[in-house]
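J.: With my numbering, the residue at position 123 of the sequence shown is 123, and numbering never jumps.
I should point out that these hints are in silico values taken from the structure, not numbers from a laboratory. We put the CB at the ideal spot given by N, CA and C, even for glycine. Hints may contain errors.
[Unchecked claim] Label-pair distances were calculated between CB atoms; the ranges are:
1. G32 / R467: 34 to 44 Å
2. Y300 / N274: 14 to 24 Å
3. G32 / D485: 42 to 52 Å
4. K65 / N274: 51 to 61 Å
5. P172 / S260: 15 to 25 Å
6. N33 / T345: 44 to 54 Å
7. A489 / G32: 11 to 21 Å
8. Q314 / Q340: 21 to 31 Å
9. P4 / T342: 50 to 60 Å
10. K403 / Y300: 14 to 24 Å
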Amino acid sequence: MPVPGEIKYIGYEPLPARSNSRYPYLRWPAAGNRVPVKFPRAGRSANRGYCEAAFVEHLRRFFPKSGPVRVLDNHHLPTANASRPYEPDVALLHERNGLNLFLNVEIDEPYDGANRLPTHCQGDDDSRDNFFTSRGWVVLRFAEIQVHQQPEACCAVIAHLIARLDPTYQIPEILLSVGTPAGVVVWDVVQAQKWAKARYREQYLGITDFGRYESSGVGPAAESLPIEAEIEKLVAQAAPLPPPPKPGTLQKANPDPRRSALSFDADAHQYYINGQPALAVSTLVSRFFPKFDTEYWSAYKAAQRGCAPEDVAQEWADKAAASSRAGTALHQQIEDFYNQGTPATGPEFAHFLSFHRAFSHLVPHRTEWQVYSEELMLAGTLDFVARNTDGTLSIYDWKRSHKVVDAAGQVQLNRYQTAEGPLGDLPDCSFSHYTMQQNMYKWLLETNYGCRVRDMHLVVLHPDYDRYHLIPVPERPAHVARMLDVVRAKR
């Protein structure tokens, strides 16, 4: 569809937000603001969801071309990163009388049919939804099982929503007598992994496998139009991103010309590339490993200890939070040491100083180096990078954890459980998790920064151990390639 020559704004008052803990649920543009609308462009490059085509047929039956609402299933919203535009599952547009209701209907599956990894878990889509709502779109999310089993009820939800915003809109008569779809609780990672093992989607879809996904084959968006650039300026003004931290000594000595495109919200652990939300490497890697089932194991331990499961779960949460704070503090101490020469105290830092003395030949290049790929909208932070005499780099990752190696320095492997999906040949353990993170950082540096990484290491600095442990990280290019295939397949 053509992009208008002047900026248009939403012509309705957003409704009060409701809970997003059950499907279907809505996300609205900010109330009380003059929110610009970013128009979609024709073309779509991502794979389509299994139920999309069938649901589009239902939508076109109830929202025909002769009516005020247009149904679009092959469009995208361009971004500053043209290779990764945002693509609604289905878009419904109602522009008459200046209403400018742009509705992105999303169909959420609990796991991917091809690689069987969790998708659309609690909180996963917040950044995506915010992209649309900040550009004048309403986001309506259904669970796939609702769209598959109750398509007319889902269409009725859409029709009633339009009628609330446009009193002149006439709901199709057949939809007036249709009830609402049965509610579905938004799942977490643990539930999604259980469903993947039980082949839950295949059961309610009545299939044995998903076969090959249909893809439109449309290439990435063209260069941003002037009006689109103006809208992006308005969006940035309405919700400015966190400013970058002041550069340290190493950053000044070894500047990164790509750094200006990257922002990081530490509180939300959210990266932004050219203002658009990006996936954190740590989040990506975690999707390939089983999530600890707190509900199950807290009940198990509570029965042994004769206490409430909630008490056990809270005890674990408190320990995890304390460990996270201590780890963050240690990283900051090491960063201050390399950039300012500031010493610190404590057994963990004493272990670090022992490492530093033993490897005094290392030439520091960067600490806390944030790197990214605009192609895949993927970003992460390297703890410490040293430059070697041959120009190559060495990566070091500080770990204040007893789960990587034991006190004697032996790697702690899990012989009873493996990683998920395409990483299923790796044991499910902290060592596997951290080695894949480092391998992803290696790929980012070599692919996007023109660097060559010679080696990678984990440095374990646990206060209960009597010394540090330096663990070499194996290269896993085949596993990285499998992970990247998953990222490229996601829309």
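J.: Next, verify each hint and record whether it holds.
T.: Right, here's what the structure says about each hint:
no.: 1; hint: G32 / R467: 34 to 44 Å; in the structure: violated, 59 Å
no.: 2; hint: Y300 / N274: 14 to 24 Å; in the structure: violated, 47 Å
no.: 3; hint: G32 / D485: 42 to 52 Å; in the structure: holds, 43 Å
no.: 4; hint: K65 / N274: 51 to 61 Å; in the structure: violated, 36 Å
no.: 5; hint: P172 / S260: 15 to 25 Å; in the structure: violated, 51 Å
no.: 6; hint: N33 / T345: 44 to 54 Å; in the structure: holds, 49 Å
no.: 7; hint: A489 / G32: 11 to 21 Å; in the structure: violated, 39 Å
no.: 8; hint: Q314 / Q340: 21 to 31 Å; in the structure: violated, 38 Å
no.: 9; hint: P4 / T342: 50 to 60 Å; in the structure: holds, 55 Å
no.: 10; hint: K403 / Y300: 14 to 24 Å; in the structure: holds, 20 Å
In the structure shown, a violation is registered for the earlier hints numbered 1, 2, 4, 5, 7 and 8, in ascending order.
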